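Asks: Take a look at the letters that make up each chain.
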Amino acid sequence: METKRELGLFSTVMMGLSGAIGFEIFVLLDYTYRLTESGITLTLVLVLAGLLNLIIMFSYCELSAAMPEVGGEYTYIKTAYGGYIAFISGCFRWLASIFGAALAAITFTLQMAYFFSIVAPQFQSLVLAQTPLISVAVVAFFAALDIKGVKQAGSMIVFAFLAIFAVFIVSGILHGLPNIGVSPKPLLENLSGVFASTVYVFPIFFGMRALVAGAAMVKNPEKNVPRGILLSALIIIPLYVCLAFTASGVVSPEEVQPSAPFLNFAAQKIMGEWGGALFAVAGMVASLSALGTSLAVQSSILRGMSRDGYLPKALLSVHKRLGTPYIAIVAGSLFVMFFSAMGVVVFLGYAASFGSLLVFALVNLSLLKLRKEKPHMERPFKTPLYPFTPIIGFIVPIALLVFPVLLGETNAVNAVISSLGLTALVLTTYYLRMVGRRRLQIAVGGIGLGAGVSLALLTFLARLGLISQMFPYVSDYVLFLISIVFIIGGILNIFTQD
Amino acid sequence: MRSRKTVVGIFGMLQSFIALTLIIFTCILYFNFFDVQTFLNIATSYLYLYLTVTIAYGFISLISGVFLLLEWWEKR
Chain A
1 METKRELGLF STVMMGLSGA IGFEIFVLLD YTYRLTESGI TLTLVLVLAG LLNLIIMFSY
61 CELSAAMPEV GGEYTYIKTA YGGYIAFISG CFRWLASIFG AALAAITFTL QMAYFFSIVA
121 PQFQSLVLAQ TPLISVAVVA FFAALDIKGV KQAGSMIVFA FLAIFAVFIV SGILHGLPNI
181 GVSPKPLLEN LSGVFASTVY VFPIFFGMRA LVAGAAMVKN PEKNVPRGIL LSALIIIPLY
241 VCLAFTASGV VSPEEVQPSA PFLNFAAQKI MGEWGGALFA VAGMVASLSA LGTSLAVQSS
301 ILRGMSRDGY LPKALLSVHK RLGTPYIAIV AGSLFVMFFS AMGVVVFLGY AASFGSLLVF
361 ALVNLSLLKL RKEKPHMERP FKTPLYPFTP IIGFIVPIAL LVFPVLLGET NAVNAVISSL
421 GLTALVLTTY YLRMVGRRRL QIAVGGIGLG AGVSLALLTF LARLGLISQM FPYVSDYVLF
481 LISIVFIIGG ILNIFTQD
Chain B
1 MRSRKTVVGI FGMLQSFIAL TLIIFTCILY FNFFDVQTFL NIATSYLYLY LTVTIAYGFI
61 SLISGVFLLL EWWEKR
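As you go down the protein sequences, you meet chains A and B in turn.
Numbers 1 to 498, taken from our numbering, label the letters of the first sequence in order.
Numbers 1 to 76, taken from our numbering, label the letters of the second sequence in order.
Pulled out of the complex, with its shape left as it was, chain A reads as follows:
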C-alpha cells in the first residue's frame, strides 16, 4: 500500500525539528566543554559541526528530492552501489541507532538523578550509583511498550522545547553574557581538542535527517523536503550555538560533573532551582522520546535488511495478537541493554557518531556516482557548488572519524573497535547465510561436539587433581551434565535430517 502524501512545508520543518531537538544536547556538551575548556571554543565547535552537517544535508536534499520514497539513505546507496554496500550502510545505521538508544537511556538516568538532586536529594546518589541498572530497566520497559504497539508523543514536544530554550537564552542574556575575551586555552594549542569535540558533538545535529526518512509522506517532496531540511538547519544551528554560548557564560568547565550536567546546572544558575528541574524534566522527556524512536528505527532497519534477504527471515515475524515485529525489537533491545549497562557516556557518544559518519560518507559518494552514471536522472534540487560539496561531504566525515583515533582518544578507539566488532558479527551472519543452513548446522555440530568433549576432559582431569578447577563453585556433576548436553547436541546437529 502506498503511503499518503499529506504533510506541507510547515509539518515538514516540524518533522525535521522534532528529529533535531533531542536528548543529545543535554549530554554531549558536558564532555566537549571539559575537553575544550572554553566557552568560545565550544561555540566554535558547535558552529563547525552544524555547518558540516548542513553541507552533508545538501547531498541529502538532492537525493531525497530525486528519490522521495521510503528507505532514505539505504535507497540512495542501493541505487548507486547495489545491495551489498547498501547492506553495509544499513549495518552502520543500525549500529548508530543501537548506540544512540543506549546513550538516551543513560541520559534519562542522569537527568533523573539531577531532578532528584533538587526535589529529593537523598535519592540522587542512589540513582547515580545504579545508573547501568536503571538504564537497562528503562530499555526493557520501552522494548515492552514497542512490542505492545504503544505510540510515543513525537513532534508534539517541539514547541515546548523551543519555548524552554528561548526562555533560557533570553534569561541568560538578561543575566549577563559571557566574557568572550577569556579563554583558558589558546585555540591553536587546543586544535586536536577542537577536532575530537567536533566528532563528539556531531550527533546533536543528526536528527535533522529524520525528515529524509519521512519524505514519502511529504506533499510536493521535490520542493518541500530540501526546503524543510534547510529551514530546520537554519533554526537549529543558531539555537544550539546560542544555548551553549549562554550556558558557558555561567558555568565553568570544572563545575561540569555527572551530578551537575552542563545545561541543567546553567539553567539552575540562571533561572533558579525550578530552571534546573525544568531542564531535567525536558532532558528526561527528550531521552525517552529518542529511546522510543531509536528502538523503532533499529527494528525497521533489521526488518528492511531481512526483507531484502540479508538477515534471517525470522526478524520479519509479527506478533499474532499485537501485530508488532517483536523478534526484531527484542533482538535490537538486547544489544541496547548491553551497551546501556556499560554506562560510559563518552564511549557511546563517539560510537553513535561513527556509524552515522560512515553513512554520511557513503551517501555523498552515492551522489557523486549517480551524477556521473545517471546524468539524466530527474533532480528537482541540485546540490550547490558541485562537485565540491559532496567531495567535502565525503572527506570531512572520514577525517572526523580517523582524527580522534589518531589522537589516541581512548573512548574513540574503543568505539571504533566495538563498531567494527559488531559490523563483523553482522557481516559474518550475512556470509553464513550464503553458505546454506545444512552445511552450517553440521559445522556448528562439530564445534559443539568438540566443546563438549573438551569440557568433559577438563572436568575429569580437574577431578583427578591433575589441573586446577576453573569453576570450583560449580559441581563436577553439573559440568559433566553440561558437557553431555553439548556432545549430544553436537551429534544431533551433525546428523541433521533435511
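Read the hints as simulated data drawn from the structure, not as lab findings.
Computed from a predicted model, the values in this text were never measured in an experiment.
A portion of the hints provided could be inaccurate.
Unchecked claim - Beta-carbon label-pair distances, calculated as ranges:
1) V53/B x D308/A: 33 to 39 Å
2) E222/A x F33/B: 50 to 56 Å
3) F17/B x P387/A: 53 to 59 Å
Backbone N, C-alpha and C fix where the C-beta goes; we use that ideal spot for every residue, glycine too.
Mind docking chain B on chain A? Use the hints.
Replies: The following block gives chain B in isolation, referenced to the frame of chain A:
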C-alpha cells in the same frame, strides 16, 4: 523419526537454556553486579579468561540450540 523429533526438541531447549544462563552470567560477571567477582573470589588477572570461556561456550550453545529448535519447529 518421532523419537528424534522429541530428542531434538529437548536438547535444543536445554542448550538454549544453558546458553542464556552463560550469557547472563557473563554480563553479571563483567559488570560486577551484586559484587559477584568478590563473591566468587575471581582474581582480576583471570577475569578475562573466565569471560572468554563463558561467552564462547554460551554462543556455541546458543547457535547449536537454535539450530536444533529450528529443526524441531519445522518437524511439528
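Asks: Next step is simple, just say for each hint if it's right about the structure.
Replies: Going down the list of hints, with the structure as the test:
1. A C-beta distance of roughly 37 Å is found between V53/B and D308/A, which places it inside the suggested range of 33 to 39 Å.
2. For the pair E222/A and F33/B, the beta carbons lie near 53 Å from each other, so the given range of 50 to 56 Å is met.
3. Between F17/B and P387/A the beta carbon distance is about 57 Å. The supplied range of 53 to 59 Å therefore holds.
The structure meets every hint from the earlier list without exception.
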